[in-house]
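Asks: Letter by letter, the chains look like this.
4 protein chains.
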Amino acid sequence: MTASVAFIGLGVMGYPMAGHLANGGYTVTVYNRTTEKAKRWAEQYSGRWAATPAEAAQNADIVFACVGNDDDLRAVTLGEHGAFATMKPGSIFVDHTTTSATVAKELAAVAAKINVAFLDAPVSGGQAGAENGALTVMLGGEQAAYEAIGPALNCFAKMHRLLGPVGAGQTAKMVNQICIAGVVQGLAEALHFATHNGLDANAVVDVISKGAAQSWQMENRAHTMVEGQFDFGFAVDWMRKDLGIVLDQAKASGCHLPLTALVDQFYSQVQSMGGGRWDTSSLIALLNRQN
Amino acid sequence: MTASVAFIGLGVMGYPMAGHLANGGYTVTVYNRTTEKAKRWAEQYSGRWAATPAEAAQNADIVFACVGNDDDLRAVTLGEHGAFATMKPGSIFVDHTTTSATVAKELAAVAAKINVAFLDAPVSGGQAGAENGALTVMLGGEQAAYEAIGPALNCFAKMHRLLGPVGAGQTAKMVNQICIAGVVQGLAEALHFATHNGLDANAVVDVISKGAAQSWQMENRAHTMVEGQFDFGFAVDWMRKDLGIVLDQAKASGCHLPLTALVDQFYSQVQSMGGGRWDTSSLIALLNRQN
Amino acid sequence: MTASVAFIGLGVMGYPMAGHLANGGYTVTVYNRTTEKAKRWAEQYSGRWAATPAEAAQNADIVFACVGNDDDLRAVTLGEHGAFATMKPGSIFVDHTTTSATVAKELAAVAAKINVAFLDAPVSGGQAGAENGALTVMLGGEQAAYEAIGPALNCFAKMHRLLGPVGAGQTAKMVNQICIAGVVQGLAEALHFATHNGLDANAVVDVISKGAAQSWQMENRAHTMVEGQFDFGFAVDWMRKDLGIVLDQAKASGCHLPLTALVDQFYSQVQSMGGGRWDTSSLIALLNRQN
Amino acid sequence: MTASVAFIGLGVMGYPMAGHLANGGYTVTVYNRTTEKAKRWAEQYSGRWAATPAEAAQNADIVFACVGNDDDLRAVTLGEHGAFATMKPGSIFVDHTTTSATVAKELAAVAAKINVAFLDAPVSGGQAGAENGALTVMLGGEQAAYEAIGPALNCFAKMHRLLGPVGAGQTAKMVNQICIAGVVQGLAEALHFATHNGLDANAVVDVISKGAAQSWQMENRAHTMVEGQFDFGFAVDWMRKDLGIVLDQAKASGCHLPLTALVDQFYSQVQSMGGGRWDTSSLIALLNRQN
Ligand SMILES: NC(=O)C1=CN([C@@H]2O[C@H](COP(=O)(O)OP(=O)(O)OC[C@H]3O[C@@H](n4cnc5c(N)ncnc54)[C@H](OP(=O)(O)O)[C@@H]3O)[C@@H](O)[C@H]2O)C=CC1
Ligand SMILES: NC(=O)C1=CN([C@@H]2O[C@H](COP(=O)(O)OP(=O)(O)OC[C@H]3O[C@@H](n4cnc5c(N)ncnc54)[C@H](OP(=O)(O)O)[C@@H]3O)[C@@H](O)[C@H]2O)C=CC1
Ligand SMILES: NC(=O)C1=CN([C@@H]2O[C@H](COP(=O)(O)OP(=O)(O)OC[C@H]3O[C@@H](n4cnc5c(N)ncnc54)[C@H](OP(=O)(O)O)[C@@H]3O)[C@@H](O)[C@H]2O)C=CC1
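Protein chains in written order, with UniProt numbering: chain D, 1 to 291; chain R, 1 to 291; chain F, 1 to 291; chain A, 1 to 291.
Be aware that one or more of the hints could be misleading.
A pair holds if it fits inside one copy or across any two, identical chains being indistinguishable in the list.
The list that follows gives simulated cross-link-like pairs (lysine to aspartate or glutamate, DMTMM-like), each with its CA atoms no further than 20 Å apart [claimed, not checked]: (1) Lys251 <-> Glu131; (2) Lys251 <-> Asp70; (3) Lys105 <-> Asp200; (4) Lys158 <-> Asp206; (5) Lys37 <-> Glu219; (6) Lys39 <-> Asp237; (7) Lys241 <-> Asp231; (8) Lys88 <-> Glu227; (9) Lys210 <-> Glu131; (10) Lys210 <-> Asp61; (11) Lys88 <-> Glu147; (12) Lys105 <-> Asp72; (13) Lys113 <-> Asp231; (14) Lys241 <-> Glu219; (15) Lys251 <-> Glu36.
Just so you know, the hints here were simulated from the structure itself, not pulled from any lab data.
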């Protein structure tokens, strides 16, 4: 007997993730705020769609969500017609949204009262990773629940790992974003400097990407940064949302993130340039502008 | 007939580099300011040592140098008993020191007058790379000279490339160091944050090093950073020397490096903590201190 | 006939402010969460105390508040037994707490429904200003309400001004805190540099405080900064609360505050040193530490 | 008998300073690289001009200089036809240029050999201060020499003070510039924030300039910053020269100046916008740009 699952939020990430679950043999019922997308998905994957999260969730063994932010997640779980209204005892809620650890803990507490396990499970790998089923999933929650959803995660993830109690997945994702802020700003300054000093930046990158300066961003973004192409990838607006969460948690936990705080302000300047939807590598545009 | 070469500066880097040349069949005459080290080298590699750079250089087809900084390089080339006093027309001077591009251009101009080709050729890969013959060499200068020394470079480098006219090698090395400044500070903040928020930082690194946050530093330094071990690697004092060169060239060329300038000041604080000889990954020590 | 007023929150600031109103001839009823302080105040100033904000506010023409943060303010206004439960139509609520502009607008909207005018009125001048009746008050709200409370403000303020609609007072206070962040960090670096370079920092300050480097902080804090004395003044914990509000509003309004964001992180480091209650001038302690 | 003095460098600052000396009764011989300016000065003040620094200095009791930077100062003292070639034993050299402390110490040592006293004496107060005879002078050197030139300084300074041995004047000037960097960036962020949030920035400044956020820059530059007027005052190019000196000395003395280093990079961005000759308050232009 195949498990019945629900998927809430068919955005850039959720749509293909739900698709991989359907292709993997799961009986999937989807919910999306904009119904049109849910219908299209149901047609494409021969699945079902529901008019509310509550309806989608009601017979599901696992309910997945991948929506926008903390408030969006509260809406689809606790709101009127939210998933928690109908989830059955013993079922599991898996949140793939990037949110604060606070909301994860808050919802896990509510879920516990109705005997539902909650796993925070933010992903990395971007649109391409979602489409190719090659995401990385960082999880927080109980081991038993994690093991139960392992086969489902395998449908769209090349790597997943339980990193601690509820909130640990979100906190790990924050660690990921902090690293990226430093790497990208450093790379942006380096390429700005290379170009202004007459080097063939691409040639230099080929050489230095063999050593201690190497990074995923260097291998995957340096060439487009040199070209000034940013119309793809992980949007600055999303990055600012994530860094906002990071800086709040840093404050609450007594951590100091001087570079992250500074880069967050630089991203604010990218937004003012009209780059809210540009890839995070667009930090270089600030350095290169002349007026 | 094997080529005769000289090697000036038998420090952490130069000693093994000169050794690889000897092992590769070159007739090597070394010079080192502290003679004791030159004698030891000559014994170990059955080579010769000279009392001055001029003496070491006088019959050499190629003269290599790897000393400390701009002034040191001027001393061993232009100084009394410097290599330029005796180098023969048609020979090649290869500088492996990390210096400014300015001194490279200055020395190349002097060398040209005595018909000596000058190549700036800073390296990356550290002590281990030098010992294992696995350095990366970034070069600036003339194509013909570069081609002529290629076989010699192969003795200690796994990768080398001509990146432009004289100075291009040094400028490329600066690009490398700018990248590292950003990567390391970002990683330091990320690991500081992970630990303070109760995560197993090593486990998180295992997961996120598969994606967009990945870097050489993450793969090779995160674990020691978490342990607070810094007694190895590329020293903060060297890094500050290099970042000083970077910031000077940025100013001269109208580039803006806000992150690099800031991280340079953080390294100044590491020096005040007594960390001048620590690895560059010691930036995390600043974030973790409590008093 | 003298006006009847209420004062909610008898902390470091509120206690003497309420006292000046009593001394100025107002009939004052105070409320404080910790009742002991309210009783002490009532005795000292021959005033009255109430057990709840609602009770204190019920016959008042003006209700003043000076509590801790946004949530505290919501508690004493909207909470059970909050002031809004009993305030009479035509009365005025004046908030001297430093809060977000958001909460000011939110409460003004609620107050409007019960025909109560709301003025946000954060102060500067510190404990000394409150005790000496020499505060500066920055206000947001309606002109008529502002004029009505002018005589009362004169009891404890040497300067007050209406700067725009509701929220304008809080936003002006944020402008104030941003300026301070820059001034203090610059001054801290300057004095750290002066001392490390063998100057008599106090003598230098005497000279440069006549020109373009002059600031209130230089005239009032440089000497104690040089001594390393921080057990007075405006606490780092309060400053971080305020800068958190600033950075949130900057984000919401598309402003970029790189220096402010960075200094906020430095204050986080002061907190880790145990300096949460130190004066904001303690930023210099970070620069001076050696371990 | 009135003293004979020489003045080298008739720029924006030197021209009126030399004029005040002439008006004060000194017999002044001027030198300027561009002779035209020297002739004009001699005519305007009925003084004398010389074709070289050596010629100007040869009978002088005091030789003043106010040229551009370290190298310029070396040129007019040590260079061929430099002042040190002819200065008489027992005379005094007073340098009003803003330079490094290093060059001050270097020249003082050379001067000592010819029995000339050297005082480093950078000024603040800008063009207006020079024209109105209201400069502040920060001095380093011997007490006796300082006392001997006091009456001359009074011609153009409203305040002067000996702050320590040679170099102390320059170091004090650096302290001044560090303060300004912090004040101006903080003020720029504050005004950017005020305007973007709908406040009347001038009104806010009027209010907050009575308290802890007050600064000379706020009182003298806020209004022009709000207007975006920068075509006056102390040029960004000069500020970058000065901050370069500051950061070099910080490095040499083991000081940490994170904010100063960062603001220096922001000034680099102002230069790229074409603002090299704008007043230092132009940092706000970076925050306000939208493209
Ligand atoms: N260590 C590393 O991991 C890396 C270093 N580099 C760069 O390589 C260069 C050398 O580094 P490293 O080998 O570690 O340094 P060391 O300090 O170990 O060696 C420096 C060498 O230069 C000689 N030297 C210094 N000054 C003079 C002088 N004025 N006259 C003559 N000889 C002089 C020293 O002689 P003596 O023995 O007498 O002191 C010694 O042989 C530096 O520019 C460094 O930035 C680049 C990549 C990695
Ligand atoms: N201190 C200063 O120099 C300056 C302070 N400010 C601002 O003024 C405000 C007050 O500061 P300050 O007086 O120093 O603070 P204190 O901590 O001394 O006093 C805070 C007051 O608020 C009361 N309070 C806090 N939370 C609640 C709540 N939830 N319900 C009821 N009462 C509550 C406290 O009651 P209890 O006595 O029971 O704890 C106390 O009376 C803050 O917003 C601060 O940022 C502005 C300028 C200068
Ligand atoms: N302007 C200001 O507001 C302030 C300036 N300062 C400092 O004062 C100094 C002078 O500034 P300012 O008067 O504005 O500068 P200007 O550029 O107006 O004048 C510079 C003067 O130096 C002369 N000069 C420059 N280089 C040489 C050289 N190599 N040989 C001979 N003469 C030379 C110039 O001669 P020529 O006429 O031939 O070009 C000119 O007389 C600087 O160090 C500056 O940082 C300090 C406080 C305020």
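Asks: All the hints need checking, so say for each whether the structure fits it.
Replies: Okay, the hints, checked on the actual structure:
1. Lys251 <-> Glu131: Intra 35 Å, inter 32 Å, cutoff 20 Å: neither.
2. Lys251 <-> Asp70: Both. Shortest intra-copy (18 Å) and inter-copy (17 Å) distances satisfy the 20 Å Cα cut-off.
3. Lys105 <-> Asp200: between (49 Å within a copy, 18 Å between copies)
4. Lys158 <-> Asp206: between (27 Å within a copy, 13 Å between copies)
5. Lys37 <-> Glu219: neither (34 Å within a copy, 41 Å between copies)
6. Lys39 <-> Asp237: For Lys39 and Asp237, neither the intra-copy (28 Å) nor the inter-copy (52 Å) Cα distance is at most 20 Å.
7. Lys241 <-> Asp231: The answer is within: 19 Å in one copy meets 20 Å, while 37 Å across copies does not.
8. Lys88 <-> Glu227: This pair counts as neither: shortest intra-copy Cα distance 52 Å, inter-copy 45 Å.
9. Lys210 <-> Glu131: between (29 Å within a copy, 17 Å between copies)
10. Lys210 <-> Asp61: neither (47 Å within a copy, 30 Å between copies)
11. Lys88 <-> Glu147: Answer is within; shortest intra-copy Cα gap is 19 Å, inter-copy 60 Å.
12. Lys105 <-> Asp72: within (16 Å within a copy, 24 Å between copies)
13. Lys113 <-> Asp231: neither (44 Å within a copy, 47 Å between copies)
14. Lys241 <-> Glu219: neither (25 Å within a copy, 27 Å between copies)
15. Lys251 <-> Glu36: neither (41 Å within a copy, 32 Å between copies)
The structure shown violates the earlier hints numbered 1, 5, 6, 8, 10, 13, 14, 15.
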